[in-house]
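Trainee: Chains as they are written, first to last, in the numbering used here: chain A, 1 to 245; chain B, 1 to 260.
Here's a subset of chain B near chain A, in silico, CB distances under 8 Å, partners left out:
1. Thr124
2. Glu125
3. Gln126
4. Ala128
5. Ala129
6. Glu131
7. Val132
8. Ser133
9. Gly134
10. Thr135
Quick caveat, the hints were computed from the structure, so don't treat them as lab data. Here a beta-carbon is modelled for each residue, glycine too, at the ideal position from N, C-alpha and C.
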Amino acid sequence: MEDNNRLIQIRDLCKAFGENKVLDHFNLDLHAGENLVLVGKSGSGKSVLLKCMVGLMEYDSGSLQVLGQEIRGMGQYELDKLRTDIGFLFQGSALYDSMTVRENLSFPLRRHPEKIAGASEDDLIQEALENVGLAHAIDLLPEELSGGMQRRIALARTIILKPRIILYDEPTSGLDPITAKEIIHLILEIQQLYHTAALIITHDMDCARVISNRMIILLNGTNYAEGTFQELQTNQDPQVRAFFK
Amino acid sequence: MTKNSGLWYQMREIVVETGEIALFARRFFREVFNPPYEFRELLKQSYIIGNKSIFLVATTGFIMGLVLTLQTRPTMSQFGAEAWMPAMVGISIVREIGPVITALICAGKIGSSIGAELGSMKVTEQIAAMEVSGTNPFKYLVITRVVAATLMVPLLVIIADGVALTGSYLVEHVKGNVSMQLYFSQVFRNITFGDLVPATVKTFFFGFAIGIVGCYKGYTSKKGTAGVGRAANSAVVVSSLFLFIIDFIAVLIADIFFEL
Ligand SMILES: Nc1ncnc2c1ncn2[C@@H]1O[C@H](COP(=O)(O)OP(=O)(O)O)[C@@H](O)[C@H]1O
Ligand SMILES: [Mg+2]
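Next comes chain A alone, as it looks inside the complex (with noise of 0.2 Å):
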């Protein structure tokens, strides 16, 4: 059953690679309309977890429902269904290199016509486009585009079939700051243009205070503390006290 405001339901989530547990008893929650920030450490297990949520990894035991419904043993029908729900944004951009912006663009829309609901795919690009300004590069190649321009391609990519979560995998990596503030003030207005709730995956405390409405800090496979970037800053757990210094 779906809790129409809880979108995400994580509950005692583990995966292990062997020896290496990587998630251990790990639970979490995202709700309607807000930007939940993850932090942790690199390798601490974040992007193994984005991936469980969208079926691209199996976790081993636990619970894991997105839009009211359990991942593990998905049909691929539903579960492609369910993806088009929820956007995701790669960590290295993850651009088709063969295919220009738009046939980057177009890719999805052209496998879902469901999803446009009698719109023109033209319209929808361009629209996607300009919401991450830029609507000049329609015809250019992702190897002719700075690594900041290819992220907003990404993340028009990412929302033109309108998701109701978008996953972030470290927005700001590989970038420099003044790029990567940019794509801080991107990634807000896109959540208010298009009502979606956001879980961002990140370790740049910068960006995590400006978006988050709330944080979690994934410390050994489990969510070690929970709160609102304050609450968290004044913490006075040493382990917790790391992260902002």
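Fit chain B with the ligands to the known structure of chain A by using the hints.
Mentor: Structure of chain B with the ligands alone, referenced to chain A:
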């Protein structure tokens, strides 16, 4: 010497790998007939494969025709059997040399580029990105490329055969003053159904092997740029090996059915 270089280890690797490729091929056959079909991408890939290799295939074919004729001719004329030249060269080109040389070139050209392309898509998470956008990347990337290779390699073989025969004719014409009409009528009179059918059928298997091995290597490529290089490289090595095995099996089967 590391333990990875032992003969025993290498043989075991080959067996394990063949098993994995067989599983990959099973997935191919499970999904190839189910919609949605990616026709546009299939056409595009067929065009790329043809376009990429046709020049090389034609050039090698031409040279093989020349060389084969130049080298065989003196021996044949010692026995006064120059009249048999078109038939003999024609049969060796159509049955063996055309298919095998073309397939080897395609393994180098197409196999490696499929391996590198899918490998880099894998490590830069483009394949994962397709998957989360609700598209089956196996259908879009693997099935289209394997089908394209399966269809295009036989076509390239036919072209190579034609060019090689032309090269051979040129030598005959210069050395033995054989007319074009005589040459080609000699060739076609002596090539039988039993030469043509197995030779054509096996080229489809060659194409399939090149496509499936290239895709398997790319699709399962390991992280990092070294992984991509390895995917491209081993796509060529493994598919070339498979080509010879398929060729051997094809000859055995043809031997049974058409009684050479
Ligand atoms: N496919 C995999 N196979 C084995 N181990 C993996 C795999 N993917 C991730 N890991 C391990 O899981 C841990 C967490 O990785 P990841 O989620 O990518 O970290 P990050 O928090 O930096 O995103 C790392 O120790 C990594 O080695
Ligand atoms: Mg990561």
